Amino acid sequence: MHLLGGVYAIWLREVKRALRDRGQLIGGISRPLLWVLIMGIGLNPYFRGEIYGEVRFVVPYTYLQFIFPAVIVLNIMYTSVQSAVSVIWDREFGFLREVLVSPMPRSLILFGKILGGTTVAVLHGCLVLILARFADVTFGLDQLLKGLGLMALLAFGLTSLGVIIANRVRSFEGFGVFSNAIILPLYFTSSSIFPLDPALSRAQMTVIYPEWLIVLVTWNPITYAVDALRGVFLNFNQFDPMLGPTIILAMAVGFFLIALWEFQRN
Amino acid sequence: MPGSPIIELRNLGKHYGNTVALDDINLDILDNEAFALLGPNGAGKTTLLHILCSILTPDSGTATIAGFDVVRQPLRARKNLGVVFQEPSLDDRLTVYENLDFHCLIYQVPARERKRRIAEVLELVELSDWRDKLVRTLSSGMKRRLEIARALVHDSRIVFLDEPTVGLDVQSRARIWGYLDELRKRRQLTLVVTTHYIEEVENCDRVCIIDQGRIMAIGTPAGLKSDYGHQSLRVVPIDADALGEIRAAYPEAGQQDDELVMPVPDDHFAGAFLARYGNRVKEFVLDTPSLEQVFLALTGRALRDKEASGRERTYAFGRRGGEHTR
Chain A
1 MHLLGGVYAI WLREVKRALR DRGQLIGGIS RPLLWVLIMG IGLNPYFRGE
51 IYGEVRFVVP YTYLQFIFPA VIVLNIMYTS VQSAVSVIWD REFGFLREVL
101 VSPMPRSLIL FGKILGGTTV AVLHGCLVLI LARFADVTFG LDQLLKGLGL
151 MALLAFGLTS LGVIIANRVR SFEGFGVFSN AIILPLYFTS SSIFPLDPAL
201 SRAQMTVIYP EWLIVLVTWN PITYAVDALR GVFLNFNQFD PMLGPTIILA
251 MAVGFFLIAL WEFQRN
Chain B
1 MPGSPIIELR NLGKHYGNTV ALDDINLDIL DNEAFALLGP NGAGKTTLLH
51 ILCSILTPDS GTATIAGFDV VRQPLRARKN LGVVFQEPSL DDRLTVYENL
101 DFHCLIYQVP ARERKRRIAE VLELVELSDW RDKLVRTLSS GMKRRLEIAR
151 ALVHDSRIVF LDEPTVGLDV QSRARIWGYL DELRKRRQLT LVVTTHYIEE
201 VENCDRVCII DQGRIMAIGT PAGLKSDYGH QSLRVVPIDA DALGEIRAAY
251 PEAGQQDDEL VMPVPDDHFA GAFLARYGNR VKEFVLDTPS LEQVFLALTG
301 RALRDKEASG RERTYAFGRR GGEHTR
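So the protein lines, in turn, are chains A and B. Position 141 of the first sequence, counted from 1, bears residue number 141 in this note's numbering, the numbering being contiguous throughout. Position 62 of the second sequence, counted from 1, bears residue number 62 in this note's numbering, the numbering being contiguous throughout.
To be clear, the hints were calculated from the coordinates, so they are not data collected in a lab. This structure is a prediction, so every number in the text was calculated from the model and none was measured. Mixed in with the good hints, there may be bad ones.
The calculated DSSO-like cross-link candidates involving lysine-lysine, where the alpha carbons are at most 27 Å apart (straight line), are [what the hints assert, rightly or not]:
(1) B:K115 - B:K185
(2) B:K115 - B:K143
(3) B:K143 - B:K133
(4) B:K225 - B:K143
(5) A:K16 - B:K115
(6) B:K133 - A:K16
(7) B:K79 - B:K115
(8) B:K79 - B:K225
(9) A:K16 - B:K143
Residues from chain A shown here face chain B by an in silico Cβ test under 10 Å; the list is partial [to be verified]:
(10) V7
(11) A9
(12) R31
(13) P60
(14) Y61
(15) D90
(16) L100
(17) V101
(18) S102
(19) L127
(20) R168
(21) R170
Part of the chain B face toward chain A, derived, beta carbon under 10 Å [to be verified]:
(22) A77
(23) A111
(24) H154
(25) D241
(26) L243
(27) E245
(28) A249
Glycine included, every Cβ here is placed at the ideal spot set by N, Cα and C.
Generate the whole structure from the sequences, applying the supplied hints.
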């Protein structure tokens, strides 16, 4: 039972540090403003689901609504992967040792740390939710709770991924480049800013999009995370509604186990 | 008073590649003693401490703390431990209080006692006024004091201090030793200190001299000095006659200007000399053996690496291909 106090301490430290870091907070606020208010509103009139003047399938939502869940995912991705910076910081500035020589088991140290990063990431995801009414997205309490659950699970998986990456990076500068090189490609190829047409067969789809892009989108796990949040907030799924939550859960469990294995090994 | 062994090392070995860091170490550290590990950089002091903190695993042998094996029961072994590392390990974006509170939580200090103990240790290291300041605003001496406070706040029975005073000015160093002495008067505490400041180990109960991963000698500072050190007598005779007389009587004496230096074979030597020549010398100094001497005798080199002289630096610069023209 006493060990829970230790997990709480590690969690609290992560949250405090993140909330005191102005830069991170500014990023968390400006990103959704840019994507929802400027990109979303700007492209809204051009989004009608028609291709070459012909309506093949209809996304029954405005572009603003369509992009909204994806921006939540983007904010979570940035924040949780950034929280790996705190892992590098601990290692470089010696704080890691303070924790390693304590009577806390390593698994709980890692768990507390990732839980802290998760909390911050979900908070940043919620910053996007505040903009919901500007994007014409309305949802009830049950949708909100379901959404928060999925966001937390996604953030947990991505924070674990951040820790795994941090283990392979030696410097802060390296990490900045590395994380941008991961986040933005994953985001752009997750069907976040353009829909894939589920009504089309693969052969038909390759007429519209090049083969490589379709492969990237279908193999990108973030695609299904975005789809899961669309399912919750818009009741619109491009894929099987159960596929998204399953993949989010698999990422959370899988990445955490890898991070744990690595952390206990060294 | 020191009691039974609380830390026991048996045939402990560790190497990095071909370099032997610890070579078959056997050592008992007693409950409630101040124990110093003295040795030059790279002697294996820090490796030894890291094995005891279970950050490193030994290649061979065993180590126990309060009966718990550091490899097989690391969590329980660490529970009795407070550690001050060589490099700072504070979170400088948290306040002084938050750092201590964090520590109390991960060391499972009961909620009722947390506030009281934090206030107590802050008082001890004279940081009460800095309680709510961010750690990054503290000076390096203050940070070190905070780390010591942190190592004590969970009522640790054993505190490891790895070079606790390195990089601090003389005043801060004296202060830190003041706190430690004060603390040992107040409660049961085993201190294990590594240092290469020889004057700092004088007030420890026992000193272990370690070099190249091996224990060269263990004993009280006085015991080591009498075993490995040697006393010498320095006198300045009043005139040339006296000088000649003394030289004739003590042919082993060496002369430096008008000063004579002679080894002291036993405790009666100085008394006998004074009885005979007491009125023929104007200066009489009995050099007591120092740990520095002991160290030199045991390892064949001085503790602190001497800084390279200007000429050596220039040669080294030249060897690296440096240009002398500007």
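Starting from the hint list further up, note which numbers the structure goes against and sort them upward. The structure breaks hints 4, 8, 12, 13, 14, 19, 20, 21, 25, 26, 27, 28; every other hint is satisfied.
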